[in-house]
Amino acid sequence: MSETEVVQENTIPLLEIKNMTKTFGPVVALNDVDLTVQKGDVLGLIGENGSGKSTITSIAAGMQKATKVESMRYKGKDWAPSSMLDALDNCGEGAHGIGMIVQESGTIAGITVAENIFLGELDQFRVFKFGPISRRKLNKAANEALEAIGITNVRGNMPMAALDFQSRKLVEIAKIMLKDPDVIVVDETSTALAHDGRQILYNIINKYRGTEKAVIFISHDLDEIMEVCDTLTVLRDGKIIRSFKKDEFDADAIRTSMIGRELQGDYYRSDFTPSWQEEVVLECKNLVLGDSLKDISVQLHKGEILGVGGLSHCGMHTLGKVLFGAVKPQKGEVLVNGTPVKNEAFAMKKNIGYVSKDRDTESLALTASIKDNIAIGGMEKYAIKNFLIWDPSEKKYVDEQINNLSIKCSDRNQTTGTLSGGNKQKVVFGKWVGRGSEILILDCPTRGVDIGVKQAMYQLMLKLKEEGKAILMISEEMPELIGMSDRILIMKDGEIKKEFIRSAELTDAEIINYMI
Amino acid sequence: MEVKKIKFDKHTVKKLLTLLMPIIAFGVLIAVFCIVVGAKGYKLDRYIEIIFNQGLVLAIVATGATFIYTLGSFDISLGASTLFSAAVGVMVYNSTHSLVVMILVIIIVAVGCSLLSSTLASVFKLPVFVTTVAMMSVLSAISATIITKNGGALGGISIPSSVVKPLDNMGFKIAMLVIFMALCVFVFEFTKVGRRQKFLGANPFCAKLTGISLNKYAIIAFVMAGLGVGLGAFLTLVYTPSVTPTTAGSLGMQILVAIVFGGMPISGGPRSKIYAAVVGGFSYILLDNILKILIQGNAGYGISQIISAVFFLALVYVASLNYRSKNLPR
Amino acid sequence: MKKHLAKIAAVALTGAVVVGTTLGLTACSGGNGLPNIGDDETAKIGVLVSDVNGDEAKAFRAYYENYLEKQYNVDFTYTEALENAAGERAAIETFAAQGYHAIISLSASDRAMQIETCEANNLYYAVASGMLDDAQYEKYKGYECFVGQIGPDMTTEYEAGKAMGEYYKTTKNVSKVAIYGAFIPNPMHVYRAAGILAGLGLTYGGQSAMDAVVGQIFGDQGLTVSKISGPVTVSAYVQGFNPDVTFGEIGGAVATQPDAFLSVGMATTFFSSVFAGANVQYADIDSFTEGNVAQMSQEGGKLTYLAGKYASSIGPVFAAVYNAVHGNVIKDNGNAISIGQNYGVATTAEAAAKYQTADSGNNPIINKSLLDTVIGKDVTFDTFKAFVETDRTPA
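Chains as they are written, first to last, in the working numbering: chain A, 1 to 516; chain B, 517 to 846; chain C, 847 to 1241.
Worth flagging that the hints you see were computed from the coordinates, not collected in a lab.
Note that the structure is a prediction, hence the values are computed from the model and not measured.
Please note that the accuracy of each hint is not assured.
Distance condition first, Cα-Cα at most 30 Å in a straight line; then the derived DSSO-like pairs of lysine-lysine [claimed, not checked]:
#	chain 1	residue 1	chain 2	residue 2
1	B	Lys531	A	Lys65
2	B	Lys724	A	Lys395
3	B	Lys724	A	Lys381
4	A	Lys408	B	Lys531
5	B	Lys665	C	Lys987
6	A	Lys349	B	Lys724
7	C	Lys890	B	Lys681
8	B	Lys556	C	Lys916
9	B	Lys708	A	Lys381
10	A	Lys140	A	Lys179
11	A	Lys385	B	Lys732
12	A	Lys65	A	Lys75
13	C	Lys987	B	Lys681
14	C	Lys1231	C	Lys987
15	B	Lys559	C	Lys890
16	A	Lys342	A	Lys492
17	A	Lys350	A	Lys396
18	B	Lys531	A	Lys239
19	C	Lys1177	B	Lys681
20	C	Lys890	C	Lys1231
21	A	Lys342	B	Lys708
22	A	Lys350	A	Lys294
23	A	Lys285	A	Lys302
24	A	Lys331	B	Lys724
25	C	Lys1231	C	Lys916
26	B	Lys708	A	Lys349
27	B	Lys808	C	Lys890
28	B	Lys708	A	Lys396
29	A	Lys213	A	Lys246
30	A	Lys331	A	Lys350
31	A	Lys396	B	Lys531
32	A	Lys349	B	Lys641
33	A	Lys285	B	Lys724
34	A	Lys463	B	Lys724
35	B	Lys724	A	Lys328
36	B	Lys641	A	Lys328
37	B	Lys724	A	Lys385
38	C	Lys916	B	Lys808
39	B	Lys559	B	Lys808
Whenever a hint applies, use it, and build me the whole structure from the sequences.
And the structure:
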C-alpha cells in the first residue's frame, strides 16, 4: 500500500482538504496535511495524542481556523465555517453540514438537558414572539430527539448537572444528530461510554455507512477502530503517515505507523497465571451508598491487580472514591491494613493513591506546572522535617518522576494543561507512584491515552505488582481488564455480580453477559 | 527529560511580558512620578516619604491577604477588621497604658476576626466570601459604636501621640514591612503550607483528592491575613494615633486593586505571587498621586478614577494574555 | 529562570523605593521654620475638606475660589473628600511637599494630628468649621503653627438647636414634632439635637443638662424616642441617609402627623420634596443658600425656620492665615486665637432672602473692603476679635 489516501473513483468527495497547516504558538499541530472523506465511508483517524487528528476535524467542523490551507471543500464547494453552528447549519445549498462530538464535555452544567439540546434555538418554543418559553413543548422536543437515537433513561427536564459523564455525552450526541448532519465527527467519544452507550453510537454509525453521508471516527482503541471503520488514516506529529483499507487492517502495522517504530515487548501481561500474596491490604465490608453501592465487600491483596468492570452507572466509580475515603458510605467500612479509612488525607498517610476517571477535573491542576502537580503528592519524601521545602530537593524529586515516566515536556515548569492526554496521565501517575503509594486505586487509568503510553502504563502496573504493590483497576475496557487483572469483579446496579480469576480462556463475551 | 534553553521568540516574549508587566509598570510609574514631581518643582524626597506612608498599611495588609486570594477566595472585611483591631487597641491602651499589651491585643483581635470568618464559613458550609461580607458589616458597626460612645464630641478615639511618636519613622516602618514580607515569603515559598495553598487555588477538587483539606488551609490563610491586618492596624495608629469610624474605610477595595496591579490572578492558584501585593500596592498609590498632581482639585476626581480603572483593566488584560492561549484544543 | 527574573526585578524595585525613601528622609530632616512671604508672593493655602457635595461646602468653596482668589494674591487648593485621619495627614504632607504655606481645615477626623503634622511640616494651621474641644485647645494653643479657630463651637451648636426648639414651642405652639438627626453620632449633630430637646422643654432619660443629654445621645448612637418626655410629643425620629431606606422612614415619620419636622441638618438637600408633598413644615440648620431660600419662599416650600451661616463666614479665618503667612501671626496673649461665630436665623422667606442677597457670590457680606480692615501688619487680636463678633444680620 502506497502512502496516499484512499480515493474512490467517479465521485465528488464529501470533504476534501489540501495542504492544511495549523500552529498553536510554537507547536505545529498540522503540517501540510491532505484529507479526503468519501460518501458512505466510515473513516477512522488514529494517532498518538497530539498527532493532529482532533485539530484537522475541529477545523472542518468550525471550532477553529487553520493557520494556512490551500483549499477546503465540502460537497465540491469552498468550505470555511465560522463556528460549529455554522458548520452544522449553513452549508450553502440547504444541505446538511458537519457535526462534531467533542472529546471533553460539550454541554453546559447549569441548565436542563432540553435547554442544552436546543441551546441558542429556544425562540422556536416561545408561546408568542418575545413571550415565555413553553417548557412542555421544549421538553417534548428534547425527549423526541433523545429517543430518536435510542436514549430512554435521560429526559429533557433533567438538570444537566445531575447526569453522569456518559449521559452527558449521549445528550451531546442527540443534540448533534438533531441537525441531521451529513458528516459526523466522533472524537474519542467511545472512551467516555460504557457498553450500552457505545451501542447507541455504533447504531448511528451503521446507519451512515454506505449512504450519501460519512463518519469520521477518532479513537485510541485500536480494536474498536478496526471493528468500526472501513478505512483508516494514521497521523503522527501533524502529518498523514499512511492510510489503510479494511482488507489491509493489521494491528501491528497500524501500531508501527502510529508510533513510528515497532512496539517493543509485551502490551498486556504475557502470563495468564493469577497471583497475589495472602496479606489483605485494603478491604471494604458491606458498603452501602444509595443505588450505587449495595452491600459491597471487596478484598485487595498485596501484589494483586484487581480489576473492577461494568457499565458506566454500575457503581464502580463510586466504589473507587469510597475506598479512598473521598466519599462517605451510608453503611459499612473501609479498612487499610486493618485500620478504618477516615478521609483522603488519612488514606494517603496509609500509602493509598487514587487516580480519578475525570483526569482534567479531579486528578490535575491544569493551570499549574508539571512540577506543581507531581511535587504536591510527594512532599513527605523531600520536605525537610516534613515541613520545609528546599527548592533543589523538590526539583530533583520532580525530575526523577519525569525521567522515570518519560514525560514529554519542554521543562518541569510547563503548564500541565498544554500537555497531551497521555503525558497528562503520566504526570498523574508520577504524583502517586513517586510518593511510594503501596495501594493504587486507578479509575480508567488509560482513558484517552494513546497506544504507546498505554503500553507504558501497563508495564508500569506490572512492575508495581512485582514490587508487591496492590492495584485496584476500575475500567470500562474489557481487553484491559482481561489483559491485566489477577481477578475481575463485575458490577451491575451497585452489586458485584461475578468474580473471574485470570485465565487464558477468559473472553469479552463471557464477561459482558454479567454486565448487561 | 529534555530541557530547552529559553529562546526569545514571540511566545517567550509574550510570556515574559505577562510575568514582568506589573514590575515594568511599577518601574515606569516611579519614573513618571519622579519626572512629574520634578517638573512641578515639588520636593521629591518628601513625596517619596508620603508615598511610602500611604502605601505601607495597604502593602502589609494586602500581603497577608495574598494567602486568601491564592485560594481563589476573597475577603471584603479586611478594612473593617483593621478598623476594629485599631479601635480595640486604642481602648486597651487607654486602660492599661501599655504599648506592648496594645500591640498584642491588636494582633490577637485581628487574627481572631479572621479566624471567625473562616470558621463560620466552615461550620455553615458557606463560601468564605459570604461570611466576610457579614463580618464587614458587623465589625464596622461595632467599631462605630465603640468609637462614638467613647470619642464623644471629638468624633474619634485616640492614644496620646507621644506613645507612638518614636515609632513614626521610616526605619521602624521599613523594618516592619521587611519582617512581615520575609515571614510571608517563607511560609509561601519554603513550606508545605504555601505549596498546598497554591494547589488548592489551582484546583480544589484535585486538592481534596490529594488529601489537602480546604478548611484547614483556609484557616491558615486567614490567620496569615489576620497577622497582616493586626500589623496594619498597629501601623495605622503609628501614622495617626486616632481612630474614627472611617479609618481604613477604603482599604478592602484598595487591596483588591493592589493585588491585581501586582500581577496576581484573581482566581489564585500556582501563579500567585507574594510580592504582588507590595508591587501592586505601591504602584496603585504612585498612580493615584501622579493623577492627583496632574489633575489637581476635586474637578479631576472622577477623571483620575476613570484613568485608574482603565489602567487596571489594561493590566488584567495583559496578565491574562498568556493564560488565555495556553491550553491547546486537542 | 523567568520566575526568578520577576522576583529579582521586584526586589530591586522595592529596594530602590526603600533606599530612595531613606535618602529622602535624610534630605528633609531639619526644617526651615514657618513661612513668611513677601507681598508680591502668592500665598498658597491648602484646604482640607471631608464634604465636597453639601450646599454649605459648595458655598464655602465658591467664596474662596471665585471671590477671594480674585481679590488677593492667594491660591487655594482643595483636597478631594478626605475619608479619615490618614487621608488628612497625607494631604497635609502633600501640601508641604508642594511648598504650600498654610492649611485651613474643614475636615475633623483628627484635629490634634492635623496640628502636629502642620507643626512638623512648618505649615500655618487654622480651623474654619467645628472647633477643638477645650482640652485639645488647651494642649495645642501654644503651638507656633496654630493660628486659631473661628466658627461655631459645640455650645453654639447646642444653642442653635435650642433656639429652633424654643421657636416651635413658643411661637408655633406645636404639641407634636418629628426629629431628623442627620449624621448622629457626628458631634455637631449630637449637640444640635440635644439643643432641640432643651428648646422644646423636653428631658432625655430624665435629664436636661447639656452634658448629660449629649453624653446619653453619644451612648445611644441616636435618639431613643421612649427616653424623651415633656410637654411636646416627639412622634418619630429618623437619622442617617440611605436612599433605599431613609425615604421610607421619613414617610413613616410624616405619617405620624407631626406639627413640624425639626432637622439638625441636610433636610432641604435630602427631603424637601417629601415635606412639600406631605404638607409638613420643617426646620433646618444649614447655610443661606439658594436652595434653602427657595424652600422658604416658593409655592409649596415648607421650610419655616432656617439657622444658617454666611458662605463668607469663613472670611475671617482666611484673614488670620493670610496675615500669618505674611509675618503677622495674631495671637491671644501668645496663644492661638479662638473666636466663636453665631448662626443667623430666618423664619420668613423675606428674611432668608435678605441673608442670601447680602451674601451672594460676587457680593459677599464679608467682602474685600471689610476684610482689608483686618489684613495687614498692624492688625491686633482685639481688632480682629471685634471684627469677627460684629453682628451682620441684614437690616
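Hints, one by one, checked against the model:
1. As the CA atoms of Lys531/B and Lys65/A are separated by approximately 23 Å, the hinted pair is consistent with the 30 Å bound.
2. Taking the CA atoms of Lys724/B and Lys395/A, the gap is near 23 Å; set against the 30 Å cutoff, the hint holds.
3. Distance restraint check for Lys724/B and Lys381/A: the Cα-Cα separation of roughly 20 Å lies within the 30 Å cut-off, and the hinted pair is therefore satisfied.
4. Between Lys408/A and Lys531/B, the direct Cα distance comes to roughly 21 Å. Compliance with the 30 Å bound is thereby established for this hinted pair.
5. A hinted pair counts as satisfied when its Cα atoms are at most 30 Å apart, and Lys665/B with Lys987/C qualifies at roughly 26 Å.
6. Using a Cα cut-off of 30 Å, the hinted pair Lys349/A and Lys724/B holds, with the two alpha carbons roughly 14 Å apart.
7. Between the alpha carbons of Lys890/C and Lys681/B the distance comes to roughly 28 Å, so the proposed pair stays at or under 30 Å and holds.
8. Distance hint between Lys556/B and Lys916/C is fulfilled; the C-alpha atoms sit about 23 Å from each other, no more than 30 Å.
9. Pair hint Lys708/B plus Lys381/A holds up; C-alpha atoms about 12 Å apart against a cutoff of 30 Å.
10. Only pairs whose Cα atoms come within 30 Å are accepted, and Lys140/A paired with Lys179/A is accepted, the gap being roughly 17 Å.
11. Proximity of Lys385/A to Lys732/B is assessed by CA-CA distance (about 20 Å); at most 30 Å being required, the pair is judged to hold.
12. Restraint check for Lys65/A and Lys75/A: the C-alpha separation of about 19 Å stays at or below 30 Å, so the hint holds.
13. Between Lys987/C and Lys681/B the CA atoms are separated by roughly 20 Å; this keeps the pair inside 30 Å, and the hint holds.
14. Straight-line distance between C-alpha atoms of Lys1231/C and Lys987/C comes to about 16 Å, which keeps the hinted pair within the 30 Å bound.
15. Using a Cα cut-off of 30 Å, the hinted pair Lys559/B and Lys890/C holds, with the two alpha carbons roughly 15 Å apart.
16. About 27 Å separates the Cα atoms of Lys342/A and Lys492/A, which keeps this hinted pair within 30 Å; it holds.
17. Taken as a hint, the Lys350/A and Lys396/A pair is honoured in the structure, with Cα atoms around 24 Å apart against an allowance of 30 Å.
18. Between Lys531/B and Lys239/A the CA atoms are separated by roughly 28 Å; this keeps the pair inside 30 Å, and the hint holds.
19. Between Lys1177/C and Lys681/B the alpha-carbon distance is near 28 Å, which keeps this suggested pair within the 30 Å criterion.
20. Between the alpha carbons of Lys890/C and Lys1231/C the distance comes to roughly 24 Å, so the proposed pair stays at or under 30 Å and holds.
21. Using a Cα cut-off of 30 Å, the hinted pair Lys342/A and Lys708/B holds, with the two alpha carbons roughly 22 Å apart.
22. With a C-alpha separation of about 26 Å, the suggested pairing of Lys350/A with Lys294/A holds against the 30 Å cut-off.
23. Distance restraint check for Lys285/A and Lys302/A: the Cα-Cα separation of roughly 18 Å lies within the 30 Å cut-off, and the hinted pair is therefore satisfied.
24. Under the criterion of a C-alpha separation no larger than 30 Å, the hint pairing Lys331/A with Lys724/B is consistent with the structure, at around 22 Å.
25. For the hint linking Lys1231/C to Lys916/C, the alpha-carbon distance of about 25 Å falls within 30 Å, and the restraint holds.
26. Of the supplied pair hints, the one linking Lys708/B and Lys349/A holds, its CA atoms being roughly 15 Å apart against a limit of 30 Å.
27. This hinted pair checks out: Lys808/B and Lys890/C have alpha carbons roughly 17 Å apart, not beyond 30 Å.
28. Taking the CA atoms of Lys708/B and Lys396/A, the gap is about 16 Å. The hint holds against a cut of 30 Å.
29. With a C-alpha separation of about 18 Å, the suggested pair Lys213/A and Lys246/A falls inside the 30 Å cut-off, and the hint holds.
30. Taken as a hint, the Lys331/A and Lys350/A pair is honoured in the structure, with Cα atoms around 22 Å apart against an allowance of 30 Å.
31. Proposed proximity of Lys396/A and Lys531/B is supported: the alpha carbons are some 25 Å apart, at most 30 Å.
32. Between Lys349/A and Lys641/B the CA atoms are separated by roughly 26 Å; this keeps the pair inside 30 Å, and the hint holds.
33. A distance of roughly 24 Å separates the Cα atoms of Lys285/A and Lys724/B; the hinted pair therefore holds under the 30 Å criterion.
34. For the hint pairing Lys463/A with Lys724/B, the CA-to-CA distance comes to about 28 Å; that is within 30 Å, so the pair holds.
35. A hinted pair counts as satisfied when its Cα atoms are at most 30 Å apart, and Lys724/B with Lys328/A qualifies at roughly 14 Å.
36. The suggested pairing of Lys641/B with Lys328/A holds, with an alpha-carbon distance near 17 Å, which does not exceed 30 Å.
37. The hinted pair formed by Lys724/B and Lys385/A meets the criterion: a straight-line CA distance of about 23 Å does not exceed 30 Å.
38. Proximity of Lys916/C to Lys808/B is assessed by CA-CA distance (about 24 Å); at most 30 Å being required, the pair is judged to hold.
39. For a cut-off of 30 Å, the pair hint linking Lys559/B to Lys808/B stands: about 15 Å separates their Cα positions.
Against the hints set out earlier in the document, no violation occurs for any number.
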